[in-house]
Each structure stands twice: as structure tokens, then as C-alpha cells.
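Engineer: Given chain E, work out where chain W should sit, using these hints.
Protein chains: 2
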Amino acid sequence: MSAVKYIYPFEEGRSSMRDLLGGKGANLAEMTHIGLPVPPGFTISTEACTAFYAQGEKLPEGLWPAALEELARLEKKAGKELGGEKDPLLVSVRSGAKFSMPGMMDTILNLGLNDQTVQAVARDTNDERFAYDCYRRFIQMFSNVVLKVDIHNFERILEGYKEDQRVRYDHELSPNSLKSVVREYKDVVLRETGRPFPQDPKEQLEMAIIAVFSSWNNQRAIVYRRQNNIPADLGTAVNVQAMVFGNTGFDSGTGVIFTRNPATGEKGLYGEYLTNAQGEDVVAGIRTPKPVAELAKDLPEAYRRLVEVGELLERHYADMQDIEFTVEHGKLYTLQTRTGKRTAAAAVKIAADLVHEGKISKPEAVMRIEPDQLTKLLHRGIDSQAKLKVMAQGLPASPGAASGAVVFDADEAQARGDKGQRVLLVRPETTPDDIHGIIAAQGILTSRGGMTCHAAIVARHMGKPCVVGCEALRIDLNRKEVLVGGTTIREGDTISIDGATGQVIMGEVPLVDPKLSGEFREILGWCDELRKIGVWANADTPGDAQKARDFGARGIGLCRTEHMFMASERLPVVQEMILAMNEKDRRTALDKLLPMQQGDFSGILQAMQGLPVTIRLLDPPLHEFLPDGEELAVDLARLRTLAEKGEKGGEAEIARKDELLKKVRALAEFNPMMGFRGCRLGVVYPEIYEMQCRAIFQAAAQLVKEGVDARPEVMIPLVGHVKELKLLRGMVERVLDEVQKATGVTLEHVMIGTMIEVPRAALTADEIATEAEFFSFGTNDLTQMTFGFSRDDAEAKFLPVYTQKGILPANPFATLDEGGVGKLVEMAVKLGRATRPGLQVGICGEHGGDPQSIDFCHRAGLDYVSCSPFRVPIARLAAAQANIAERTKVEKDK
Amino acid sequence: MSAVKYIYPFEEGRSSMRDLLGGKGANLAEMTHIGLPVPPGFTISTEACTAFYAQGEKLPEGLWPAALEELARLEKKAGKELGGEKDPLLVSVRSGAKFSMPGMMDTILNLGLNDQTVQAVARDTNDERFAYDCYRRFIQMFSNVVLKVDIHNFERILEGYKEDQRVRYDHELSPNSLKSVVREYKDVVLRETGRPFPQDPKEQLEMAIIAVFSSWNNQRAIVYRRQNNIPADLGTAVNVQAMVFGNTGFDSGTGVIFTRNPATGEKGLYGEYLTNAQGEDVVAGIRTPKPVAELAKDLPEAYRRLVEVGELLERHYADMQDIEFTVEHGKLYTLQTRTGKRTAAAAVKIAADLVHEGKISKPEAVMRIEPDQLTKLLHRGIDSQAKLKVMAQGLPASPGAASGAVVFDADEAQARGDKGQRVLLVRPETTPDDIHGIIAAQGILTSRGGMTCHAAIVARHMGKPCVVGCEALRIDLNRKEVLVGGTTIREGDTISIDGATGQVIMGEVPLVDPKLSGEFREILGWCDELRKIGVWANADTPGDAQKARDFGARGIGLCRTEHMFMASERLPVVQEMILAMNEKDRRTALDKLLPMQQGDFSGILQAMQGLPVTIRLLDPPLHEFLPDGEELAVDLARLRTLAEKGEKGGEAEIARKDELLKKVRALAEFNPMMGFRGCRLGVVYPEIYEMQCRAIFQAAAQLVKEGVDARPEVMIPLVGHVKELKLLRGMVERVLDEVQKATGVTLEHVMIGTMIEVPRAALTADEIATEAEFFSFGTNDLTQMTFGFSRDDAEAKFLPVYTQKGILPANPFATLDEGGVGKLVEMAVKLGRATRPGLQVGICGEHGGDPQSIDFCHRAGLDYVSCSPFRVPIARLAAAQANIAERTKVEKDK
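Going down the list, the sequences are from chains E and W. The working numbering puts the last residue of the first sequence at 917; the count rises by one with no breaks. The working numbering puts the last residue of the second sequence at 917; the count rises by one with no breaks.
The following block holds chain E by itself, in its conformation from the complex:
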């Protein structure tokens, strides 16, 4: 026997042993421990799985003998024998990793059945239909999972019998039909594998254990782990448990409940069940189940017990639970419990309610909410004013609205999604094999399944709008169309879904911004008490600024001015400025832009009154404001060829375009990201920055006169050398002085600072701080230059391979690279504050809205993070979590 202990009966485990036993095993043990009705069983540990892979996918030495010993003890507890001639033991063999991966790995039910034991079961239960139903399920599952026989082989046979017998549901098939099904199933196995279906229950068990271990590395599990950042080396445990049966008749059933509504957080049992069914029927969404409330009528005693168990488990785990149960002839068994996945709205409400119920503390509540999940609460919904052409109504499985082109399979969804097309995946139901299509789609619509079906669970977890069980849809996968009411929707047609109401709508719909719930505001209030780092927002318009302020931003960390240049009525003036041959003409154009810019700044400063507004002077290369050179060249080639062919009248157009092309070419760059942009523009054409500063200060002075507390901060972009900043700072100060003199207003809160986005700026931050009152890390560019990654090129060409091969743990443009870019940030903070102790330091790159990066910013001692308005609530939460985590660590280290 092996020296390592790989096997733990449920009596030996606890919920704290998730690493070793997986989530399912640990919770089965915990439930056993607290006396809940759990069928007996044992768990083969994740260490066994790791050993399995270490030895080239072989069971580690001693494991199988130990499993047989444990099986003997299980047989004793159950009072039944695996393969026994009378009342034989049947078991389930289920995967269970540390982190829940719903439906990703394999499960086998009813193991132990063979041509003999099926008869024993039929005899003992006096229910031949039941026995052969179990057996055909077992053959199908085992053959699919263990023997890798395509499941359609079996489905076709079953569907054929159902059609012949004109029945709708599996359980309506007669025992004789089921016997024929079993016979045909076994023929399929012989044909497809060259061997008869294995009859030895112990052989079945060993093969099943190996198959579950192997399923850790199936394709969909790998995709899911990548999607959810689950490490690939954790492995899965295997749970072997005595079967109980929900398919023994209409006093039996099986279901899944949540102790609170996972969509809204409302307290009370929530879930679905099916009578006379096994668990897979509920999860797979093949039959539409009944709401759990109806169980109170169907089986009142089991329902009463279920309510009790739910309350007990929620109190025990101090969190909302997701419980699988089976009722066998009226007796309730709990087969699994776990902390339930929930929508963001539910997470927020549950966390707040648990604080109000005195079950958890405020910091605990704050730590309970996954910041990334909140994006879902901030998703846009359908404008309530809009007139909708509602075509059908399904179940509201995951909130949020989405529009897109209809596609009928996951591969197509991925193909179109990769091209940037917005698609809706429409399926009868989804399976774990569809995961890549779900990722690629804007939303999911299914004609079958309930609130806990695969599509619903996965979509909620991803925060994707999802409508399920929309039975009015008649989907024809072959013809790639769906009939609904009288209308035929074809692949590529646009429809919309509202995951909050379950509506399916014709065409595109207008969307509106979300509102924050009372509980959400309450928790964010706790976050503000609990966080140290400030939360500002990036906003370029008064509207965005107002939104940011409503969401709790305490300043604008980045107001870009280039979008203001892009407005259609301004672009011609901007182009006039760019194409000017000398400073005088440039100034003439700039004079026209000044009042426009002044208006922009005035609106934002007003919206943010009393709070700082960091305005970045013009940053992008000037050619971004001009037409595309290649398009011009192609146009010219066409016009010239026409002229050659004798077409008249194009000369003026040719001359004009030729002239323009020359200018475009003169401004064209090889690597615009590192070209003539940022403060380099300000150094070469000081008059551009001068105009912008004048517009800022004039706007602020006018507001101050009107009694508005305007606080502009002027930010010089792309500084790499202190002398750039020194030169431009001199200009800014001169303009400030001129405006103050001309208006008679003293602007008290003006600050002048710089972005830190070029590695050299970080390396020489001590020098740069002599001229900067604030630093703002532009971590997008800083990441580009520190890695030497052009973001657009990298994400299209090689970054996916990099994360896939594990070279990088994540996309460094989404989550700040602490090891490299973070080192520069830390260096710059230290050097900068050494020169100027009061230096204000923030971050305005996209990382400012990423929870993990916010945690880094907190640790690095930044004063604030600035992110897009919609991420402000997330940032407030993440900022609080960073501080709580640090305090917890400090206390632990004491």
C-alpha cells in the first residue's frame, strides 16, 4: 500500500480541506460532520490527481488497493455490495476541484450496474422502468465520459424510441422500450470501441476514477481555467458516493436550490426541481424544471426538511448556499453544498443584508464582493422609453441587455467575434463544449433550460446577458434559422435580449445607463470609510464628469483634450492649424479653436467644482487628425488612371489630393506611438499648448468670477527629460500670469505636473519632480514602452500566445505587470517624493480601474487611482479591499 494517504471517507474531512479534497468533497465531509443527510462516500484527494499526472496519467501506486479497502467500508456503511446479487450498491463518481468549474469535468452516475445488477435493482425496487432507466443513463454517461463514444450515438437511439412511442419525456418510455434502448446502447459500444460494455463493477469504478482525473485536462476545462485564472496544477479530487435516486417515481425527485435568490439577493429558497429525474436532467436543461416552491405541494415533508437544511447551511457557512438535493421516496438527501454564485446585484444585496442580520462585519461584507463582478451592475439596460418589438419571453437568467447578429453555433460565434462583430448565440441549450462561443458572444438565448441550466450559470458568472427557456423559439440548426411567432430570423439578423426581463426583441434597442441600488450605495459608503487610496475618474466631457461624480469620483485624473479636437465642426480648423506652413498661420487657426476649448473646459470644471480636474495637453501625433495616407494614394491612383484614359475634369481634385497627400506623408511616422506626440508637440509648436493653457485658465477665471470653485491641474504628457517639463512649465506659468493679470482673478488651486509614461521619466523621477507638482502614471504607455509592446499589435499578434504558453500570467495592459512596470512605478514614487515630499501621485492608465492593479497602487503608496466613470464604484471597492487585505496581513504578521 502507498505511504501517502490519498483517500478520505466523508467522516474524516472538513470544509477547510478544500485544497486536498476539492470544494465538493470538503463540503460533503462538512455536511456529514454537522449531521445532514448525506449518502456515505469517500474522496480521493487532489494530491492523487497530481500524482496521476506526474506519473504520465497512471493511478499512483497503492491508490487502487486503498480505494478497494475504502469501498469495502462504504459497502458496510451502506449495507449493500457493489455488484451484489441482491440490493446492489450503486455509486456516483464525481469530480470536484478546489475552485468550482461547473460542468467542465466529468461525472458518472449509477455506476455498478450491469446486466445482472440491473435485474436485482428491478427486483428489489419492484420498478423495472426505474432500473433500466438507470442502466441506460449509466451506459450513456460511462461510454461518453470513459470510453469516449460520441453521445449523439445514444441520443439518436433514445429520440427514435420517444418518437416511435410518441412520448415527450424520457421517463414516459416503457420498461420494454428501455430494455431495447439498453440493448442498442451496448451494440453501439461494441461497434464504436471494439469491446463489449464492461460488466465488472470494480473495473467500471477504476476506469471511472481514471476518467475523472483525465477530465481535468479536457479542452473545455482548460478554456474555463484560462478564462477564470485558475492555476493548471491544482488537479481535481474524485468523490465516490452511494447513489440515491430521484428517478424512482413521483415521490422522488432532484433539484438545486439557493438559499437566496441568486439574481436579486432576495432572501428565501430559490431554485428548481424535477420529479422522477436524476440530477443531470436539471443541470443539462433538457427538461424545463419546476420552481422549488411547488415542492411544498408535491412533497411537503421533503420541502420542510429542505428549508431547515438551507437555513442550517447558510448559518453554518455565513453565506448564501447553492445546494443539490435528491428526494428518494420522500426522503431528502443533500448531495452538495457550496457558496452560491450570484449576480453582482445579489452579491451586493446579500452582503449588505448579512451585515444587517448581524452575521458578518462591514469589512467582511466588503471582502465578499468580487470587484470585477460589479461591472455587471454597471451594464447598460434597455431604455424604458423605447418602443420594443418583443417577439418572445424567456427566463431572465443573467441581467443586462445585448444586441447582436444571430448565430447558431459556438464556432461561428467565435469566428465572427474575432472579427469584432457583435453576435448573440442562439441555441436549444448550451453545453460546456460551447464555452468559446459564449465567451465570444454579447449574450446567450436558449429555447430550453431553467435558471440553473448551463447557459444561465455560465452567463451569470461572466456577467453576460442571458435569456433561457424561451420555448416559443423553434430553432432549426440545419437551416440556420429560428421561427418565432410568424417571423423567421436567419443567421446574421440582428435581435436583442434583455437578461433582466427575459424579453427577446426584434432588431437593435437603445440602451441606458444603470442606477446604483441602495445596498450598493451603502456598501460603497463602507468602502470609502475603509479605503486609504483616493478614487478619481477619467472624463473628457461635462456629462462624463457628472457621471463620475455621481459614482463617487473625487476628482478628474485625466481629461483628454484630443477628443475635443475631433468633433466634426472643429476638425477642419484643426486640420487648418496642422497644415499651416508657419507659426503665424498656425496661430490664426488656433485662435479659432481657443473659444471652443474654453467652452469644453468650462463645462468640466463646473461639473467638478471644488474638486481637481487634471487636464492633459494635446497628446496624439498630429497625423491622427488628417485623412489616411493610403486611402488618399489609392484615390489618387484611381483618379490619375481615369485622367490617363481621357476622363476630363479631375485635374483640380487630383491637385488638391496630391497636395494633401504630400502633407500627410510629411507627417507620417514609422512608429507613431513613439513619434512626434505629447510634449514633443509642445516643444516644437509651443503655440498649440499655449492656446490650450489660455483656454483652461480663462475658463477657470470666468468660473471663479461666477463663484464656482474651479480647480484645473495642467498635465504635460510624455515627458522623458526634466528639461522638457521645465521649458513647458515656464510657458504654462507665463500664460497663467497673463490670464490672471488680464482677468484680475487669482487662480489658487492650479497645479502643474506631468504624466509618467516613458521609462526615462520614471528612472529620472527625482529630477522631474523638481518641476512637477504631481505625477500621474500613464501605465498604458508605460507598459508599452517597458515591455516594448505596441498594444494594438501585441494583442492581435502574440499576446494571446504569451498568456496561453504561460509566459505572462495575464495581459499586462489589463493587469499591471508588478515585476517590471511596477518596479518603475515604485522607483518613480520613491525618487519623486525624495525630491518633493508633498508630491501628489496618481495613476490614470486603464489599470486604475483594475482591482489587482489598484491593490498594487495602494501598496505602492499612490494618492489616487483614476479610471473610467463606470469603473469608479469598482475602484472604490477594490481600494477598500486592498486596505483591508493589508491590515489583515499586518495583523497576521504580528
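There are no misleading hints in this set.
Same chains, same names: a pair is fine if it fits in one copy or spans any two.
Calculated lysine-lysine pairs in the DSS-like style (CA-CA distance at most 27 Å, straight line):
#: 1; residue 1: K680; residue 2: K668
#: 2; residue 1: K209; residue 2: K103
#: 3; residue 1: K846; residue 2: K746
#: 4; residue 1: K846; residue 2: K749
#: 5; residue 1: K382; residue 2: K290
If you are wondering where the hints come from, they were derived from the structure by calculation, not from laboratory data.
Structural biologist: Coordinates of chain W only, in the frame set by chain E:
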């Protein structure tokens, strides 16, 4: 009187006071001190110039009264009075900065003349021609320099008189003609300035001093300083000195000599003089002067004295001297001495000779040679086998050969040069105003002037080929053509010059590589003894490798493999590989490339046997090997328009180009510099790197079998994360293993390392060193990413403004930016060696050949620098100088 002492009579100064007195003032003082025949005078210090600018271009308080006092003392010494009625004192007023800026600033001779004193001079010298010649020179110079009257006004008058009188030289004009010239000159002044020519000699003096100070910031001086990296805040001194006259008849004269030949270094007086002339005549190159040897016949006593003075000064300064002298009625005066500028060849020979003569030590000799100057010795010459169509013969003023399109003015030279055209500047003579044209041109050709004329001095200093005094040329500036023999050369025609022989040649000529002189080799030998840092070379071909080895390289620091891909017979295979849709097709193409690459590597490894050859795996983005997208698009537009117009037969071509364009587009990038290149290619398409490694190791194994000591080092480019290197290192080791097994050869000297060219690599060098046996700093890319400068864009768009505005001290792509990029280099060396003490560290960016950057590399503790083969000697010298400078500093600090 001012509290600050601004004025120093020559008796008070010494040669060590260059900072204060400028080079000319300090040497005049030194010569006075050692008793040489120097006319008396005084120097107004550079501090006065600084004060002049600090006070808004006004003479500092007290300066003028002090100057008048010193003038009184000068009058006493000279026994003459400025403006005196009898034997009046005339003075020269000359600029003189710390660093020689020949011809860049202003000089005024004969100051003190007016309508009265000219008559006194005529009377006292009994030489009316002389007196009025001086006066007309003075008016012309003073009016041009001080009053800013265009010099052509005067030249036209003088030329008119010379034509009327049918004389060739100025001194042939009669006294009466000269009187008329003076009268017309004064009319010009009245007309152009609205005031008569100033008659008060003291007013003349004050105006002249101010003008000299002002000339520090004239346009050509600014350009020259920028070109020569002379700080802008040093200021110039002003030297006021009693005049002596070389234009008092044919027993007088003036000239410039070198104590050794400045072109070859040969010992012996070398130079030119003109009888009956003033100094400006020689320098300006207007009259072609006589070789100084002829002075021995013309004025034997003065010649004897000149030889003595030359020997004395060379011994005194322990270096070759450049001496200005004047003979007045047979008596020799020395007016200036300075260490003579010389060609690189001369510098080398002189330094070696001085060591052999026991005058200086080896380290002193090494420190005497400017490394940048050596490039000139390494310039290519004309192939001696070539048949040349020699059109004319001039003076060989600056060695090296050049071909280019003829241009006749500096602006045109610059305009064409900016467009990348190779031009030769052809002028009757050049003036300091032509400096921008000289910079832009490949070489200079003049019809007038001697070896010490403006063009010759400037060209030698820049290391540009130059032929002067080619009197056979008849240049017509208006018609922009030159007649030589019977041939007319027009603007834009190509000719060649050989600055080593003085030949002017029709058309383009074949060039050959230079050979190193014995002295050069000798000094480089001393350098190798005196340096600590190694010198390797960058070479991509066996020929280059051989050249590098001949020049003393001790390894190849960078062998690029992309050039090998570009060869015309390989490009189609490379394109086939790139356009392959899958790994199999890619491998098929790669299999064809393998033997070709193996041949490349075999040649280089053989050439460098016994020395390391660092081979960089493929680096550039793949689209560099494909046609240009825009050209394709334009082509397509043309073809399609033709097809629309009914032209037949283009369909296949359209389809082919459309297909190709799609591929080109798929590979196109926004910022290729930071895109899909370097090891990112190796990560995504490992088969490419695998082929290259196989080619390297197979080549090495074959050579080892043949008894050749092949030492390849495999260099992975663009690594930013240790895991990239780890992954690829695994591949390299696997291929090495396979090749060793297949060939039975053990390759003992293989090393695997990486470029450090991405900031992140430097920041995480401790991690990267775990997988790298060597680092090679790719400082071109490292500079690009650290600054965020795309080199091509920056140099075209804004870097010139940056250096001009003083934001950056130099182009950071030419001289390593120690403050930023250098900080990363130092960090990487420290972190890398902390992980792996034996880590080999070098640099292979262009900075590896830049002396100042080599000094940095020495201080940073690098093991070697690697540069282009032609810069290897320069690097050996600079490496020795870095070590000597450090030892000198250490000893000083003791």
C-alpha cells in the same frame, strides 16, 4: 572702475589661462612670456563677454574706462598713440574663445585709421599705397563686421577698379586708385548706414569690442559650436594688439605655418605665405599663397628666425604648432600660436613620433588622438586599379574620396543633402557662411585657396574629402556650371574628388577600403596594453568578419541574420515561409533556407576561428520581407480602374495582388518597432528559430570536424521576461543536443544569452540572468524604448529641435544617455552579476563605437563593446583613453 578685473596685458597672462583669456589671448601671453617677438597688446576676458550677455549685450560697467587705461599703457609700450597725428598706433581687435573656432567670429585689423591718420601713415612710411590699402581694408572690415554693411558692396568697387586698371591683385592698384576706392567705400557706408564712417579711433575701438562680443552669437558660430559640441555659454575674449604690417612692400609678408605637415604629420615647417599682404588674404584663400619654403629665398633671415621660433614653440608646447606670423620690413613677428589641427593620419604619426622623440609618454600619445577623427583614416579611397577620367588637379586639402552631384551653393547642398542625395559642394572659395552646405556635402571642391584656406581647415576638421585651389575650374555661379578643359559640368552632374591626391574626376569612382599605417598600428598596440574593456565587432558576412579581425576585433558581438534573409535569391523562399498558412508549409520553406543559413554561419565562424561569434536569431517583423502595402494598394487601384474602363486581361494580376495585399495587411503593424518581432517570433513560430539554431550548430560541428575552433554564441533578441528566454533556451539546448548526437561532435564553447534592449529586461535582469550566460545591450532599441523615441521619426521630426533648444545635450542615438538609458544599463549589470557572477556583458548597439559611450561602458564595468568593423580602431583607442582617464582621476583623487 569695476571691481572685477576684465583686462590682462599680454605680460600678465599664461597659456594655462585659456578659460579666461581664450586660446589666442593665452598663447599670445605665453609667447610674450617666453620672449618671442609679439607686438604688445592686451586681452579683454571671456568673463567680460559673459557679463556683456548677462546685461543684455552691453559692455559691463567699468570695462571701457579700464580699456582706455590699458590702451594708454599700450601706447606707451608701442611708443605710438591711437589717432596720433604722427606715427599713429593702429591695432587689431580679434576674437579668441577657449576652443578654436576658425573664421567663425569677427576680427578687425588696422583700427585707428581715419582720414587724418591715413595721411600720417602715408607720410611716416613714405608709402601712400600701403596707407590707403590699409585704410580701404579697414573700412571694408569694420563696415562689414561692426556696421553690418554687406561686403559685396565693397568687393564690387574693388573688382571694378582692378578691371579698369587691368590688374590681377589688390596690391597692384595705384595709390590714387586706392584713394578713390576709399572715397567710394565711405560713400557706401553713408548710403547703407545713414551715417558717415566713424572717424574717432576710440569710438572705433569701443564699437569693435562690442562687435566681437556680439559675433559669439552669430549664426555661423552657433552652427559651428553645435557641430563641435562647444558649450554656448563660454563666451569669447577680445585681443587688442598693436598692428604690424605684412603689406608694407615686398620685404614684408604674412603667413601661417605648421611645425609639422598637418596632412601627413611629416616633421618640418609646412605652410604658406604671401608677400605684401595682410593676414586675411592668406586665410580667406582669395590669393593662392606660396609654400613657406620659398620664404627662405625671399626673406632668408625672417625664414631662419621662423624655423627657430617653430622649434621653440613645439618644444614648449610639446605638440605640433600652428603659427601665424607677419614680416614687417624683414622683421618677424608671431601673432598667434596654437596646437595645430591636423588630419587623423598626421595626428597618429605626430603622436607616435613624439613618443619616439622622447617628448611624450605612450598614455600621453594615446590621449592626444581624438577618436572621432580616426574615422577619417578609415574612409575609403579610390581603387588604384580603377581607370579614372581625371579632369583637373587641385591641392589635396583633406584626405578621402567622395562622389556626388555637383551643387554650387550651400543652401542647395543642404536641401539635397536633407533628401538623402550625395552632393559635392563646388565653390570658388568657401566662407564661414557656407558651413551648413559643407556639413551636408560629401566633399568640397574649390577653385581658389591653399591648404590653410577656410574650406581646407573645416573639411579636415570634419574628416570630409576636400580639394582646394583647383585653378583649372572656371566656375560660373549664375549659370550654375563649371567649365574644365573643354567640358561643361552642370548642377546635378556627378563627379568625384580624391582629397588625398587633389584629383578631380569625371563621374562616380570605385572605392576601396583603407589600410592602417605603421604608426597607427603601433598606437593601437599601445591602446590594447592600456585598455581594460574588450573590443568586438558587429559583422554579418565573412568579409566583414575578416575586416573586423584585421582591425583588431576580438570577437563578433552581433551577427544579424536578417540580412541573410534579404538576399535576392532567398527572399522568395523567405516569403514562401511567411505566407505559409500552417506549420507544415512553414517548415517546408525553412528546410530550403537551412543549408543557405548554414553556409553563412560556416563562413563567419571560420573567419573568426578561436574567437566568439554572437549570432542573433531573427529579429525584424516578418512584414519587412514583404512588399509595401500602400504600393500594392495603389497598384491595385490602377488595375481595377483600368478593368472598370473595359481593359481586359488584368484579372489574374488583380487576383494575385489582392491576395498578397490581404497577407500584407494581416501582418501590417501600427508600431512595428514594438510589434511582432524578436523573440516574439520565436515564441509563436518556434520552427524559425529552430532552423537557425540547427544551421548554426551544424556549421560549427562541421568546422570542428575540420579542425576549426568554432565558437558560436546564440543570442535571443528582444527578451523582456525571463520566461521567454527560458522557453527558447530549452529549444536551443534541444537542437544543440540533437546536432551533437547526430554529428558526434561536442561543441564546447557554445553560449546562450540575450540582448538587453527592452527596459523590462534591464529592470528584471536578476531573473533573466538565471537563463542567460551573457547579456548584450542593444542600446539602439533600449534608447528608443527608454525615451519613447522612434528613432526614424524622432530624428526627422523633433530631435534637432531638442538639441537646438538644449533639452538634450546630444542625439541620444549617437551618444548614450547616461542619465536615463545608462541608469538601466548599470542596473542590469548589477542585477545580472548578482545572480550570475561570471555573466559576460557587452554592448552591440551603435553606441559601442562612440567614444563617449565607450567611456561610459568602461565605467559601467562591461566586458566588451562591439561596433562596426570600421570603428574597431576608434573603439580600441577610446577604450584605452577611458582607462587612462580613470586612472588619472584615481591618482588625482588620492
